[in-house]
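Engineer: For reference, the chains in residue letters:
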Amino acid sequence: MSQTGYDISDESLLAQYCGGREEAFTLIFRRYSRRIFAYVLGLVRDADVADDVTQKVFVKLARRPEAYSPTASFSSWLHRVARNAALDMLKSRSNQVAWEELDEGGEAAILDSEWRRGGERADESVSNDTVQALVARAIRSLEGSQREALVLREYSELSYREIAEITGRSLPNVKQDIFQARRILRAQLAPHLRRMESK
Amino acid sequence: MNHDRWEEMSSRYRDGDLDPRQRTQFEEHLEGCQACREAVEMNTFFAEGLKAAFDRAYPADFEARTLARISTGEGEADTASPTRPVAESWPGKAARWLRHGEFRLPVPVALAAAVCLIVFGAAVVRMVAPSVFGEGGRRVLIGSTMGEQEWIDVDAAEVEVRSLLKRTRTLLLALTTARPDEQGRYHLEAEEALSRDLIQEVRLLESNAYMDDNTDILSLIQDLEIILLDVSTWQGEADADRLALLRGGISDRSLIYRLATYEPRVGGD
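So the protein sequences, as listed, match chains A and B.
For the record, in the first sequence the residue sitting at position 1 is 1 according to this note's numbering, with numbers rising by one throughout.
Every position in the second sequence, counted from 1, becomes a number in this note's numbering once 199 is added.
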């Protein structure tokens, strides 16, 4: 096995782990933990909660790797598991939400409310005049589906098709979400960036 | 071309989603369009900002804590729900939900369970909890919210599933048997079907088959999902090769025939 394992497929690593090679799990973890953490953080907008949910996803994977069936890519499957875990957690916190609302639109509404709740807090860890803070704030203003698709595309570097598989949205809708997200970011951030450039 | 269209292409350009002809066309446009050049640059710039922001949030000790938790077995009973429940059979789940009398699960899972009960397992549910059926009608209690019981109509749901199969068959038949000059029209119909969230409905059926432990139909449905996604990205005449592959894929798997002949196990009256 190579040092990084990047030349080994996810499925092969998982098979090795199922066969008793514990280090294969570490390689899977290193390959995906940042992406899953970022994705969950984008959904729940609370670092502590994202920490907990992401841990649970990997604990679940370690306990029951056979739950993955190779009918979808491992990456898509793991992101879907993380999505379900994050939404389960958000729903458990939104105990007044009627079950009829928990369709795709309802999920987006919960995600929006969580994100905006987070947005009411100041970004203490990031200086206001940094690009990161500006981008983070602008991302927060996106609709749930736009934010989710953009994070999956730019951070997890997933294809449109994989994003559609994970989110359950159609491919045209995914493309449109990503396009609109970028357009909104540009509209919000361009004035700030020009001002920073002129200083 | 409307400039919004170019702007949309700038997003797909970043993601490598343009075919060679579109890419050349867009790059020629870029040479003379300051707004689009800025859009391309800013899309890249924001992507870097996004990565930096999320990287910064990743806890330095996350790997050590998580791997330690796994090695010690901590949190074993408190793990996240898998995408597909595999440990417990669907009659067991149904009995547990009905016993609790309270809705606690994500709606997609619950709906899948409800359809499962309707199409595959109404008889079993009768044995487990006969009292959940409404008077004289084929209804199943799927939970309650804030004191209000939620019922689902067995016959209506079964009609929905069969309608889905019929629409799917029609769509695939139209796409795969159309003359070249008709393909564009059928492709538009396919896109319209997709916009009606056909994939979501297919997913419901998938969950249903999953809970029925029908691996054959599960594999079939997953093939279908891939094909529907292929359809949604088909670019018309430019994608003639892709359509040929799509046709071949469908033919190889006898998808239409197998869907047409698939009959869920009847568990109701």
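Note that these hints are calculated values from the structure, not bench results.
Among the hints, a few may not be true.
[As the list claims (entries may be wrong)] Partial selection, computed: residues in chain B whose CB lies under 8 Å from chain A:
| id | residue |
| --- | --- |
| 1 | E226 |
| 2 | H228 |
| 3 | R236 |
| 4 | A238 |
| 5 | V239 |
| 6 | K250 |
| 7 | F253 |
| 8 | Y257 |
[What the hints assert, rightly or not] Partial list, computed: chain A residues near chain B (C-beta under 8 Å):
| id | residue |
| --- | --- |
| 9 | L14 |
| 10 | Y17 |
| 11 | C18 |
| 12 | F29 |
| 13 | D46 |
| 14 | P70 |
| 15 | F74 |
| 16 | A136 |
| 17 | Y160 |
Note that the coordinates shown come from a computational prediction; the quantities given were computed from them, not determined experimentally.
Glycine is no exception: its CB is placed at the ideal position from the N, C-alpha and C atoms.
Engineer: Evaluate each hint against the coordinates.
Structural biologist: Right, here's what the structure says about each hint:
1. E226: With Cβ-Cβ at 18 Å, over 8 Å, it is violated.
2. H228: violated (16 Å)
3. R236: For R236(B), the interface hint is violated, since the closest Cβ of chain A sits about 12 Å away, which is over 8 Å.
4. A238: Since chain A brings a Cβ to about 6 Å from A238(B), closer than 8 Å, the hint holds.
5. V239: violated (10 Å)
6. K250: With a closest approach of 6 Å, the K250(B) hint holds.
7. F253: holds (4 Å)
8. Y257: holds (5 Å)
9. L14: violated (14 Å)
10. Y17: Because about 11 Å separates Y17(A) from the closest Cβ in chain B, which is outside the 8 Å limit, the hint is violated.
11. C18: violated (15 Å)
12. F29: holds (7 Å)
13. D46: Violated, about 10 Å.
14. P70: With a closest approach of 10 Å, the P70(A) hint is violated.
15. F74: Violated. Min distance 12 Å.
16. A136: With Cβ-Cβ at 5 Å, under 8 Å, it holds.
17. Y160: holds (6 Å)
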